[in-house]
Amino acid sequence: MTTSKRNLTSKSLRALSWLAESETSEVGVRQLAAAMKIAPSSAHRVLLALSDAGFVTRDCDTQRYALGPEFLRLAHCATARVPQPQLGAAAMQRLVDRCGESALLVRYDDTRQEMIFDAAVDAAHSARGTIRLNTWMPVRTGASGMAILAFLDEVEVQSIIRRAKALPSQGRAYAEPDRLATDLNAVRRQGFAYTRCQLVPGAAGLAAPIFDRAGKVAGDICVTIPEQRAAETSRDALIDALRACASEVTQELRA
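In terms of my numbering, the sequence shown opens at residue 1012 and continues consecutively.
By construction, these hints were calculated from the structure, which means they are not laboratory data. Remember, predicted model here, so these are calculated numbers, not experimental data. Positions of the beta carbon are idealized from the N, C-alpha and C atoms, including for glycine. Among the hints, erroneous ones may be present.
[Unchecked claim] With a straight-line cut-off of 20 angstroms between C-alpha atoms, the simulated DMTMM-like cross-links for lysine to aspartate or glutamate are: (1) Lys1227 - Asp1133; (2) Lys1227 - Asp1189; (3) Lys1227 - Glu1125; (4) Lys1048 - Glu1034.
[What the hints assert, rightly or not] Using C-beta positions, here's what the derived DEER-type ranges look like: (5) Arg1017 - Cys1088: 20 to 28 angstroms; (6) Asp1251 - Arg1017: 23 to 31 angstroms; (7) Val1166 - Glu1034: 34 to 42 angstroms; (8) Ala1045 - Thr1146: 35 to 43 angstroms; (9) Leu1059 - Glu1034: 21 to 29 angstroms; (10) Asn1018 - Asp1072: 41 to 49 angstroms.
With these hints in hand, go ahead and build the complete structure from the sequences.
In structure tokens form, the structure reads like this:
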């Protein structure tokens, strides 16, 4: 495959990802070019290639593009092939029933060095606020990120911090190295992370790691609690329930 074809393939996949995650249902050439930081001529070639394959369709009146039937067909096929229910769903529901707080499943991808909120089970008085599911994000120093960082090797931790600090909104997301090392040692020793108002304003977070078959951290189970209720909550009972849930999900991953 030539370099130009590889570049077109890479840009096409990026364009599909952007279209699938975008809040707008249609996109113009210049809008896609700005989002992908490529020339409008390159964005036009990408959209034409995707249109030829049926992955996007073009509105002849507006000259804007939307996800097409072939993309939707493949998405439905992929979903139908998944033979098992959502990982940890039953264990997370038991956690919510037991503690009355919202629970989230967080996954970590060591290739991207990013995390994603993969699933949620909300309590009646949910505190997860604006947390978005299915969106890749830096591994930050809220409870959900700390429970992952604590169980990675130092080289990977430093790589994650360098990449996150390169993002404008993440420049001051991490404590000084000595403080961060102390905090991560505490998470490893306790087996869980606890933070206040790090990810959701006005909420405390608790997270316990989950591990894959190889014993590598695969993410965590996180519970969010409104700050005004955090002091009233029996933290020991909540931590026990959280650990039990994380243990169940780890067993599912290793099955």
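Against the structure, the hints:
Among the hinted pairs, Lys1227 with Asp1133 is inconsistent with the structure: their alpha-carbon atoms are about 27 angstroms apart, more than 20 angstroms. At most 20 angstroms may separate the alpha-carbon atoms for a hinted pair to count; Lys1227 and Asp1189 exceed this at roughly 24 angstroms. In summary, the hint linking Lys1227 to Glu1125 is supported, as the alpha carbons are separated by about 15 angstroms, within the 20 angstroms threshold. A distance of roughly 18 angstroms separates the Cα atoms of Lys1048 and Glu1034; the hinted pair therefore holds under the 20 angstroms criterion.
Between Arg1017 and Cys1088, the C-beta spacing of about 26 angstroms keeps the proposed range 20 to 28 angstroms intact. Hint check: Asp1251 to Arg1017, Cβ distance near 51 angstroms, so the stated range 23 to 31 angstroms is violated. One distance hint, 34 to 42 angstroms for the beta-carbon pair Val1166 and Glu1034, holds here, with the actual separation near 36 angstroms. Checking the proposed 35 to 43 angstroms range against Ala1045 and Thr1146 shows it is violated: the Cβ atoms sit about 20 angstroms from each other.
A C-beta distance of roughly 24 angstroms is found between Leu1059 and Glu1034, which places it inside the suggested range of 21 to 29 angstroms. A hinted range of 41 to 49 angstroms is violated for the C-beta pair Asn1018 and Asp1072, which are about 31 angstroms apart.
In summary, the structure is inconsistent with hints 1, 2, 6, 8 and 10 from the numbered list given earlier, while agreeing with the others.
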